[in-house]
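All chains should be built: construct the whole structure from the sequences, respecting the hints.
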Amino acid sequence: MPNNIVRTREQVFQINLSKTHHESVIALAGNPNTGKSTIFNALTGLNQHTGNWPGKTVKRMEGKFRFHDRHYRLIDLPGTYSLLSTSTDEEIARNFVLFGKPDVTVVVVDSTCLERNLNLVLQIAQITNNVILCCNLIDEAKRKSISVDQKSLEQDLGIPVVLTSARSGDGLDELKQKIEALAMGQIRPQPFAVSYPHALKEPVETMTSSLRELFPTLPNPAWVAMRLLDGDEKIKEALASPELLPSLLNNDSNLTSENRIVPSNPSVNKIFNMADQLSQSVRPVMHDLFVESLFEDAQRITRRAVVKKNGVRIWDNSLDRFLTSRVFGIPAMLILLSVVFFLTIEGANIPSQILADWLFQIEDLLDQAFNYLNAPWWLTGFIVHGVYRGLAWVISVMLPPMAIFFPIFTFLEDFGYLPRVAFNLDRLFKWSGAHGKQALAMGMGFGCNAAGVIATRIIDSPRERLIAIITNNFVPCNGRWPTLIMLASLFVAAAFPSALSSVAAASTIVFITLFGVLITLLVSKFLSTRTSLRGESSFFQIELPPYRRPQFFRIFYTSLIDRTLLVLWRAIVMAAPAGGLCWLLANIYIGQYSLFAHAANFLQPLGQAIGLDGVILLAYIIAIPANEIIVPTIIMGYMAAGQMTELDSDFELKQLFVQNGWSVMTAVSLMLFSLLHYPCSTTTMTIWKETRSVKWTVVSNLLPLSIAFAVCFIVAQTWPLLF
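For the sequence shown, position 116 matches number 952 in our numbering, and the numbering has no gaps at all.
Among the hints, erroneous ones may be present.
To be verified - With a straight-line Cα cutoff of 27 Å, these simulated DSSO-like cross-link-like pairs (lysine-lysine) come out:
no., residue 1, residue 2
1, Lys980, Lys1145
2, Lys1361, Lys1145
3, Lys1070, Lys1106
4, Lys1106, Lys987
5, Lys1037, Lys1012
6, Lys1012, Lys900
7, Lys937, Lys1037
8, Lys1106, Lys937
9, Lys1012, Lys937
10, Lys1531, Lys1266
11, Lys1145, Lys978
12, Lys1144, Lys987
13, Lys1012, Lys987
14, Lys1037, Lys1070
15, Lys1072, Lys1037
16, Lys1144, Lys980
17, Lys937, Lys978
18, Lys1070, Lys1525
19, Lys1361, Lys1266
20, Lys978, Lys1144
21, Lys1070, Lys937
22, Lys1144, Lys1037
23, Lys937, Lys1072
24, Lys1012, Lys978
25, Lys1106, Lys1361
What the hints contain is simulated information worked out from the structure, not anything from laboratory work.
Written out as structure tokens, the structure reads:
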């Protein structure tokens, strides 16, 4: 099993925050899909992207807000279902609450499924007394005829309780008031004590006494005692870590290292040995006993505080029975994906043409201005015919499709459909030996492969996470969608009647996307059965969040600002130097040919073997920093002296390609190569940061490239035999 996946220790150990006298640190914890990030945004005003499926937030997010002349620093911890597991998310949340000593910990729960969410609340209440329960989504609870008794919860749990609807802002003022009162010491909660099974009481009490003696400032050592008795290695590492010891140690501890007091090894080992001895008789059943007691307490509290009317029909269940069924789930997903692509292709044509006309009119003005200033030809060529034309083409081709695709995609995300996609694909990933959560990382990859690589942190198994990282590149990202859409529209759709052209183009892109999923499954199967990453797939459990009314302002902001304009800006930054470089290469001659022509001719035999040409392969080399500039680079390479003429229509663009030897086979090969080739430089750097392994970073680049060459070679050699 690989051990190259490393946790970012700074996320775990940078927890002792410096603060002023008038500032309080507030930890925000909770299950995924409870609206925790929405509350974070509402309190701080920060624009953190909030998804609607588990595991979106991995890194700690910070924000500040002010209330009654006092400053509060809010720490948004990763969404987690429990503090008992060993996943990275749970470890970060647990260590911050346990060792970071926040002044207040706000635990956000979903009011529609309070019993399940109370599991985490009871665990956190065993660590710290300064807890506030925030029952969010109270509006959805009312819609489902669920009534939550606030006073009953406060009485049974012994902590402040607030009912909120973060999306509408209801209850947030009361939440701030409770935070202030708890931070100022105006209220002193006495949290409910979990009912430990009889077999655990004596070992827990003995361990608690010893921990309190060695670590006098450790908050609620009873919970730590439970984890040590359960054999939690991460708690052992934390207790022995020099990053945490200064705030935990007794001044009488007898060893110092680098001017920091540390306990003697015998003292620490004595604690650990004691835990091993006391747990010998109970450890096999300890975890089950403790979890069982948690759920029993949560059930008992919920029965008194929650009332649900019977006979109320919830449309969510009916919709789920259709969208997640074995018969209709995947067909519905394919139909929905086809509709998204159809709307994108059909809606982007006219805006793209209008934008191109406007941008190339500006180019004419720039040409006239440079001529008026008697600028040298090379300066006009480099800036206007190289840099500007590349930018104009990127903007006119990329902006309209993204401005349509991303709002629709964000709408589905906000509505709550993406977790259903992961649920439908789980059986396929299990067959391939990968983890079902890989489907969630793939979903993130549709936006950006680098984000998809980061999203693999939700996979606990290092082996399965590494498989997800290596195969994430087979999902088309932002930079590749415009290329796929353009090629499908120009070549594939042209073979069909005009009334069916958009449908044909959309179907082609769906097919290409499904082919990427198929390659992902096959490569995952190969890695999990024939390489050092072999192993059985882990159990996959995912919470299907309730369907929610999309927030159109948030959709507008997230899709257009956070995604469309961000990706477009990245493309512009990369396209400008690429355009200038192409112009220079095409205008610097060695003998009768330019540098661009020499390089393209050198790559021509390899390109022809896989159904492409030397210009296309050279464009992929120049465009390593970003996929967005592939097609602009190809176009500039085809134009005389490395310049693009004013391509006033899709017909003229297609004619340019045809004149340079393109056919439908070339377009299909390029779509496949674009889908399968190596990741961009940003994703490559992200892979290295996540794995800290040169070996797996190289594999993540060479494996997709090898598959891309193999698939395109097969297509190029068999196409003439079939068509």
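Compare the structure with the hints numbered earlier in the document and write down the numbers of the violated ones, lowest to highest.
Violated hints (numbers, rising): 2, 4, 5, 17, 22 and 25; every other hint is consistent with the structure.
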